[in-house]
Amino acid sequence: MDDGFTGCSFSRAVTSIEPRVEVVSPSRARFNVRAFDLHTTLSSGQTFRWRLTSCGWTGVVAGRPVILLRVENGFEAQTTVPVADWSWLSRYLRLDDDFEAVVRSFPDDEPMRAALAACNGLRLIRQPAWECLVSFICSSTKQIVQIEQCIELLSQRFGSPLVPFSGEEPVWDFPTPEQLMMAGEASLRACKLGFRAPYVLAAARSVQDGRLNLSELESMTTSEARTALTALPGVGPKIADCVLLFAYGRQDAFPLDVWMLRGLAALYFPRRRPSPKRLRDFADTHFGPWAGYAQQYLFHYARRHRPDLRTRKAKAS
DNA sequence: CCTGTACCTAACCG
DNA sequence: ACGGTTAGGTACA
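Take 12 as the starting number for the first sequence in our numbering and just add one per residue.
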């Protein structure tokens, strides 16, 4: 009963990516997808512009304001402008991944089982590379709430206005490299960027003058793409890996931040005190073909479900 | 390699 | 209520 398409113009364009979409009205569609927890996914620190409002999860995807709402067997999406083809949202939400296969590929060990049980329905999403790069340049030694503030301020002040939902707050697209470059360092600092402002500005200039072509990274090996990203000031291995995973979907990019280092050490080497190099090697070899997803589960599990891993001196058991 | 420190700022915790 | 501490890093000694 929920397999039928009620639209006609869109179905051909979307079928190859996501066969489980029903058009409800020109600006609404229903996505029939299991095991996709919006709350866990959108607040797991991989993206920073989604807000839970009285209407549902609101955000901006591909230049469109979107509200996502949980419904039985999936979720419903609404935009402010009619759309015929919803593949932009399927792509953003990575609905083309075979999620059952992803979960099956995880190593069968105690930490992964615990993370899976605790973070049911956690997914990876596919962000625009530019927004993702700026977001993670802003992330260094900041808490998630602070990162969210920065990204929102940048959008409000320098992004192009979009058509808002009626009766709701104004919305802006994430600013382009040109828009951020024109803003200048002082204006960027005023968005609470601090010492990260010149880094964002340098990234904007690099993209603007062609020294960094973000779409070219698609065809590079992960290692080559990482080299290209870390050439930017303020972009080290951790931020580069976040961009490679959250924007380019590289499953062999496994960001090692303070949470992950503590989490991996406590969960997999409880009485060993492994070196960072050892943990790097372990992360790169233990988690299989969908290591990026495994990473997201472990990260979220450590951060949200294991307060005992908060401190540097995590207890051994 | 590994260790320590500065870099901005505000949320966090006691 | 309030001040020291810390926060999903990076660059540079």
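No lab work stands behind these hints, which were simulated from the structure alone. Here the structure is a predicted model, which means the values were calculated and not measured. Mixed in with the good hints, there may be bad ones.
Stated by the list, open to error - Distance condition first, Cα-Cα at most 27 Å in a straight line; then the derived DSSO-like pairs of lysine-lysine:
{"hint": "1", "residue 1": "Lys-203", "residue 2": "Lys-153"}
{"hint": "2", "residue 1": "Lys-288", "residue 2": "Lys-249"}
{"hint": "3", "residue 1": "Lys-288", "residue 2": "Lys-203"}
{"hint": "4", "residue 1": "Lys-203", "residue 2": "Lys-249"}
{"hint": "5", "residue 1": "Lys-153", "residue 2": "Lys-249"}
Right, here's what the structure says about each hint:
A hinted pair counts as satisfied when its Cα atoms are at most 27 Å apart, and Lys-203 with Lys-153 qualifies at roughly 11 Å. At roughly 14 Å between alpha-carbon atoms, Lys-288 and Lys-249 fall within 27 Å of each other, so this suggested pair holds. Annotation: proposed proximity of Lys-288 to Lys-203 is violated, straight-line Cα distance about 33 Å (limit 27 Å). A threshold of 27 Å between alpha carbons decides the hint, and for Lys-203 with Lys-249 the separation of about 21 Å falls inside it, so the pair holds.
Of the supplied pair hints, the one linking Lys-153 and Lys-249 holds, its CA atoms being roughly 14 Å apart against a limit of 27 Å.
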